Amino acid sequence: MTQIDQFESVFRAADKPVPHPEEVRFERILFVTGRSGEARESRLDALRSYLAVLETDRGAHWTIGTAESPTDLPVLLKEVEESPPDLICADRGLQGVVSSMHALGTVLECLTQATDVPVLVLPHPDERQLPATTTRVMVLTDHLTGDDRLVNCAAAFTAPDGRLTLSHVEDAATFRRYVDLISRIPEIDTDLAEETLRRQVLKEPADAIDSWRSALKEAGHGFDIESVVLLGHHLDEHRRLVEERETDLVVMNTKDDDQLAMHGLAHPLAVELRDVPLLML
Amino acid sequence: MTTTLLPALLSAGHGAVPLSTTLLFTGLLVSMIVCLALEEVLHAKKSVIVGAHAVVCLLLGAAFHLLPFGPIENVFGEKLNIPVYIPAIDWGVIAIILGSSLFVDLTSKSGLFTWIALKLTKASGGDPRKLLWAYGLMTVIFSAVLNNVTAMIIVGSLTGVSLKRLGRERLLLGFLLVEGLLTNIGGLLTLISSVPNIIVGRAAGISFMKFFVAAAPFVVVATILTLLLGAKLFGIHGLRDQEERDEAAEKVAGFDENDGIESPGFFWFGVAMLVLFIITVATCSVLPWVSDLGLGFVALAFALIMLLRFKSEADRHYQALDWDLLAFFAALFVVIHVMEHAQVLALIGQGVEKIIGLGDIGGPASVLVASAGFSSVTDNIPLAAMLAKILQGLGTPADSALWWAVVFGANLGGNLTPIGSASSLVAVTIIHRQGLKLSFAQFVKHALPFALLQLAVAVVYVLLVLR
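So the protein sequences, as listed, match chains A and B. Taking this note's numbering, I'd label the letters of the first sequence as residues 1 to 281. Taking this note's numbering, I'd label the letters of the second sequence as residues 282 to 748.
For reference, chain A alone in the conformation it holds in the complex (with noise of 0.2 Å):
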């Protein structure tokens, strides 16, 4: 019976699921620093310029977490789960580390694993400064079909006169690996399988990025969305993708809906692009 099968393939690959836009909003923003007095100010007056697009009407309401002492952090877990912010803005390298290069710091370790709320991991001050604007954001995932949070969220820091790239990277060693197990069963055509096996992975990603970006203009976003899904290695893609386009804020998910760690490809990502605010989710 594999017309039956056939045709159940056709009618599965036609039921996409539906994107719902919706307004996020980022009103009570917490932001942890290790600096005081003046460098803390100034630090505090180049975020709140770099996330303009977050103040509505009525203004976001800021407060400053301190995380200059090793004794600082469990306060600071209680402060954040008794009294949860919208996001929480944290400069990499934060205690436990003597440089930001290889690890995103003790705070920020604790705050993306022990809480739900997004975290925005800044560059480290000492290495480079905020960009003036979220103009150019780009979501990075391999999971972008149904992330109905994610894209919102994304949506949600992208300047109107901006551009949102949505980009899709599929791991090209797992594609190998299974294109080389179907070489060597003698029943599926190895040509056919790899031609039919790439154009699917990489169709359902593409044809998610066209719903959101239908949604998004409905839903009134002005800004460009432009799409980017390929075959590859994950960390090389993901990093060409955001030095090419000048990012200013790279948005991923970090959780699977079954663990609170970090998954596999979020903590090299997030040590990796550390030239770049990451909105970790």
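I should point out that these hints are in silico values taken from the structure, not numbers from a laboratory. Predicted model, so just to flag it, every value in this text is computed and none were measured. Check the hints yourself; a few may be wrong.
Quick look at which bits of chain B chain A covers, simulated, 3 or more residues with Cβ under 8 Å [said to hold, decoys possible]:
1. 435–442
2. 530–537
3. 700–713
Don't be surprised by glycine CBs; every beta carbon is placed ideally from N, CA and C.
The hints should help you fit chain B onto chain A, whose structure is shown.
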């Protein structure tokens, strides 16, 4: 009537055959029918079962000097040396099935059928009752225009996906069963909708339009009754409030009817070709030259035109053809040809004549019910082929209700059991693929009220309208 028609039937055997020989071949025919009924148990394809019987029949036919060996003379007086089993096959029927199967398969690549199916799904707003009517009508129309197996595959596959999307898995059995039953009703609509129609229609000389005009009113009535009964027996109701309607509408809105369309140009080409195909088939009997070449030529020509789109990969599409079915038909015609020469058909014809002899009302009614009963336990194609040959041998006029009794009985009999027709078998396969349990007895229990209702309406219709 009996005494005047029987010699005509006997003369088809081209010579006297001892009764013992006729009984031997009758045994072979019974063996073939039993093996076909036990196809699933034997794990053997139809083509192999009938092919094996054809080989034995030909060998024994040659041994008993029953077969008309020697050259065949054509209308120009030219003598052709053709193996005896070649002219035994009704190549017109084979051409129709081969051509239309390939045409339907290639047209489906345009995304047309899935587009229609998804459009209807979205138009229903996800309301189960509207969905049942939409899918029911689609099943009937697809069965009529394409064939009942393809119709069941398309609509059944969509049913599985869409009801799961709507969270209505408990309705799957009812939907799939009703759709399976409707394929055999849709299969009655046109001359090319099912193989028994093609065989009987060709034997009786019934044109496409005549067939359609005669069968359409019954198809409409039977479809409505089946859907009403299905909704009642399986508890398929409409949505209760606006909240449910909004939720269901959002779920089906996710279906993208354009997803299966690779090229808009080919999509519209597919639409145009399908419309043209239906028109050509409908008017085939009055079209100059085409009427001489027949429906088989039309089907093959349209398949070839569609194949031009896939000229570099034509071989891939040949693989999609049901070669088991085609080989089955070819072998079946050979078996029936040998049976004809062995006087087996004449013997059966004597029994059929007794049934026909029950009168103008009892005759067609009995033929219809007996055909349905026979079709319910084994393939309806050998039955149709045999009865067509017998009725032809009896000199039955083209406007006789007996032809219609065979057509209605052979098609509707498929609704009595899961092995009664290929599309019923597909319906059960899809039901099992959905993880639902449905035994032979459970199918009969569910399907019996529908089948009895349809047969009762068919008997009344044949007697009142087609007699």
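* Asked: Out of the numbered hints, which ones does the structure contradict?
  -> none
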